[in-house]
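> One-letter residues, chain by chain:
2 protein chains.
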Amino acid sequence: MMELPLKIKMNEKLFLRNPEETELGRKIIEHSIIHIHKIGFEAFTFKKLAKEIKTTEAGIYRYFENKHRLLLYIVDWYWSWQEYRLIFQTNNITSPEIKIKKAIQLLSSPVEDDTTIDYISEKILNEIVMAEGAKSFLTKHVREDNQDKLFKPYKDLCVRVAGFIKEYNPKYKYPHSLSSTIVEMAHSQKFYMHNLPSLTDFGGAKDEKKLVSFLEELVFSNI
Amino acid sequence: MMELPLKIKMNEKLFLRNPEETELGRKIIEHSIIHIHKIGFEAFTFKKLAKEIKTTEAGIYRYFENKHRLLLYIVDWYWSWQEYRLIFQTNNITSPEIKIKKAIQLLSSPVEDDTTIDYISEKILNEIVMAEGAKSFLTKHVREDNQDKLFKPYKDLCVRVAGFIKEYNPKYKYPHSLSSTIVEMAHSQKFYMHNLPSLTDFGGAKDEKKLVSFLEELVFSNI
DNA sequence: TTTTTATGATAGTAATACTATTATTAAAAA
DNA sequence: TTTTTAATAATAGTATTACTATCATAAAAA
Numbered sequence: 019m020m021e022l023p024l025k026i027k028m029n030e031k032l033f034l035r036n037p038e039e040t041e042l043g044r045k046i047i048e049h050s051i052i053h054i055h056k057i058g059f060e061a062f063t064f065k066k067l068a069k070e071i072k073t074t075e076a077g078i079y080r081y082f083e084n085k086h087r088l089l090l091y092i093v094d095w096y097w098s099w100q101e102y103r104l105i106f107q108t109n110n111i112t113s114p115e116i117k118i119k120k121a122i123q124l125l126s127s128p129v130e131d132d133t134t135i136d137y138i139s140e141k142i143l144n145e146i147v148m149a150e151g152a153k154s155f156l157t158k159h160v161r162e163d164n165q166d167k168l169f170k171p172y173k174d175l176c177v178r179v180a181g182f183i184k185e186y187n188p189k190y191k192y193p194h195s196l197s198s199t200i201v202e203m204a205h206s207q208k209f210y211m212h213n214l215p216s217l218t219d220f221g222g223a224k225d226e227k228k229l230v231s232f233l234e235e236l237v238f239s240n241i
Numbered sequence: 019m020m021e022l023p024l025k026i027k028m029n030e031k032l033f034l035r036n037p038e039e040t041e042l043g044r045k046i047i048e049h050s051i052i053h054i055h056k057i058g059f060e061a062f063t064f065k066k067l068a069k070e071i072k073t074t075e076a077g078i079y080r081y082f083e084n085k086h087r088l089l090l091y092i093v094d095w096y097w098s099w100q101e102y103r104l105i106f107q108t109n110n111i112t113s114p115e116i117k118i119k120k121a122i123q124l125l126s127s128p129v130e131d132d133t134t135i136d137y138i139s140e141k142i143l144n145e146i147v148m149a150e151g152a153k154s155f156l157t158k159h160v161r162e163d164n165q166d167k168l169f170k171p172y173k174d175l176c177v178r179v180a181g182f183i184k185e186y187n188p189k190y191k192y193p194h195s196l197s198s199t200i201v202e203m204a205h206s207q208k209f210y211m212h213n214l215p216s217l218t219d220f221g222g223a224k225d226e227k228k229l230v231s232f233l234e235e236l237v238f239s240n241i
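Just so you know, the protein sequences line up as chains B and L, in that order. Residue numbering for the first sequence follows this note's numbering, beginning at 19 and increasing consecutively. Residue numbering for the second sequence follows this note's numbering, beginning at 19 and increasing consecutively.
Don't read these hints as lab results, they were simulated from the structure. Owing to the predicted nature of the structure, the values given are computational and were not obtained by experimental measurement. Just to be clear, a hint being listed does not mean it is correct.
Cross-link-like lysine-lysine pairs, in silico, PhoX-like; alpha carbons within 20 angstroms at most [as the list claims (entries may be wrong)]:
hint, chain 1, residue 1, chain 2, residue 2
1, L, 158, B, 153
2, L, 153, B, 153
3, B, 85, L, 153
4, L, 184, B, 228
5, B, 153, B, 120
6, L, 184, B, 153
7, B, 158, L, 141
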């Protein structure tokens with residue numbers, strides 16, 4: 019796959035100090051991804067992360083208000099990156115069918131590291147989003163967070179896919195719900211596949227192709 | 019709707035002392051539901067709950083190892099109750115089409131309190147499952163919990179609905195994935211509807227009917 | 001009646017989720 | 001170059017969380 023310079027503009031409310039701009043900030047992002055992936059979001063603390071990157075707890079608090087904001091930051095980054103990939107891969111394609119298929123494939127296939135941003139591992143980030151992503155919005159403060167546009171990247175991606183669906187069939191009544199179903203299922207079915215396989219029909223490890231078929235059938239028999 | 023005596027057998031690994039059997043135990047369940055609903059699972063603590071029901075923190079720890087187990091307990095209770103309702107409502111129905119429709123309706127429609135168990139509010143429980151349910155399995159110890167059969171009620175329900183799908187069309191390749199998609203979407207689309215409406219096509223408050231139509235179309239155009 | 005069982009009251013600990021202060025250092029502005 | 005600013009390191013401190021432990025007492029079962 020072709021690579022190109024990538025700069026994702028993040029919502030300023032996510033952080034206190036922009037982590038992209040400093041060495042320490044980038045280290046925080048890099049190692050929070052590794053660390054959350056390793057021990058899980060509940061066990062993850064700023065103190066542990068500080069130790070790992072040889073800074074102090076207070077040092078990390080200068081960048082992020084709390085660990086939930088940091089999770090939102092990396093999850094938002096992930097969805098922005100996915101939308102960026104989708105825009106790139108569907109560019110110049112006119113057929114809505116192919117665009118939808120591209121979207122499904124992009125969201126379902128195993129993620130490989132994109133080397134353009136060296137301090138973020140997209141592969142690990144993808145696993146975090148599968149396992150912890152829902153925690154970014156399953157809180158008592160969803161609505162305030164939503165008003166602060168903190169879910170914009172996820173919503174933008176869903177709206178884009180919903181747009182493809184509308185192009186394919188302008189009369190279909192539930193493009194947004196179908197779109198969020200695809201995006202969510204692409205991630206949660208994979209989580210189930212690895213952890214609660216009886217909730218899926220994808221037993222083996224190499225069954226991402228079946229997941230793609232499932233989602234494609236789900237969409238195209240509908241619209 | 020007709021009511022009948024209801025006794026749900028809970029997995030013994032969920033608790034240290036069976037909460038159904040004592041006054042204090044039932045109070046713990048009753049008020050944990052109310053309290054988690056009110057302040058959210060992250061802010062919920064045994065100390066706060068203890069104060070509410072005029073017992074001590076240590077008193078609650080005699081029943082549950084930690085708050086995650088308590089969440090699992092009430093979430094499991096919910097899915098057992100839903101499966102029970104589904105069994106009851108599809109009893110003597112032979113048409114798989116009608117059974118699937120019943121399932122969708124049961125899972126999507128607003129929940130009313132079932133008065134047979136006076137210390138559990140199914141209506142509130144349903145809202146908890148929409149907002150916090152995923153946290154029961156989005157942990158680093160999913161697999162051990164799964165081995166301990168702690169997700170059995172959820173899986174049983176999905177397997178039952180998958181069975182209806184197989185009855186309807188034995189050749190359909192993804193009955194389990196489609197089933198878990200329905201069950202999950204019935205809950206998460208409602209959550210979105212109230213909190214992140216742009217991810218759905220259900221704007222108004224009274225749009226549960228549209229959700230039912232969306233899910234029915236999703237299933238029947240597929241199988 | 002004795003023994004078991006459940007609860008209440010209280011204490012204590014390590015870890016978490018922060019906030020605050022001061023000193024040091026590096027980079028930018030004057 | 002000097003001075004100012006900005007970023008980080010080092011340290012301390014607090015309230016809350018997530019538990020464990022102990023002992024007394026009341027109620028129920030044997």
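> A separate judgement is required for each hint: does it hold in the structure or not?
Hints, one by one, checked against the model:
| no. | hint | verdict |
| --- | --- | --- |
| 1 | L/158 <-> B/153 | holds, 14 angstroms |
| 2 | L/153 <-> B/153 | holds, 8 angstroms |
| 3 | B/85 <-> L/153 | holds, 17 angstroms |
| 4 | L/184 <-> B/228 | holds, 18 angstroms |
| 5 | B/153 <-> B/120 | violated, 27 angstroms |
| 6 | L/184 <-> B/153 | violated, 33 angstroms |
| 7 | B/158 <-> L/141 | holds, 18 angstroms |
Taken one by one, the earlier hints fail for this structure at numbers 5 and 6, listed in ascending order.
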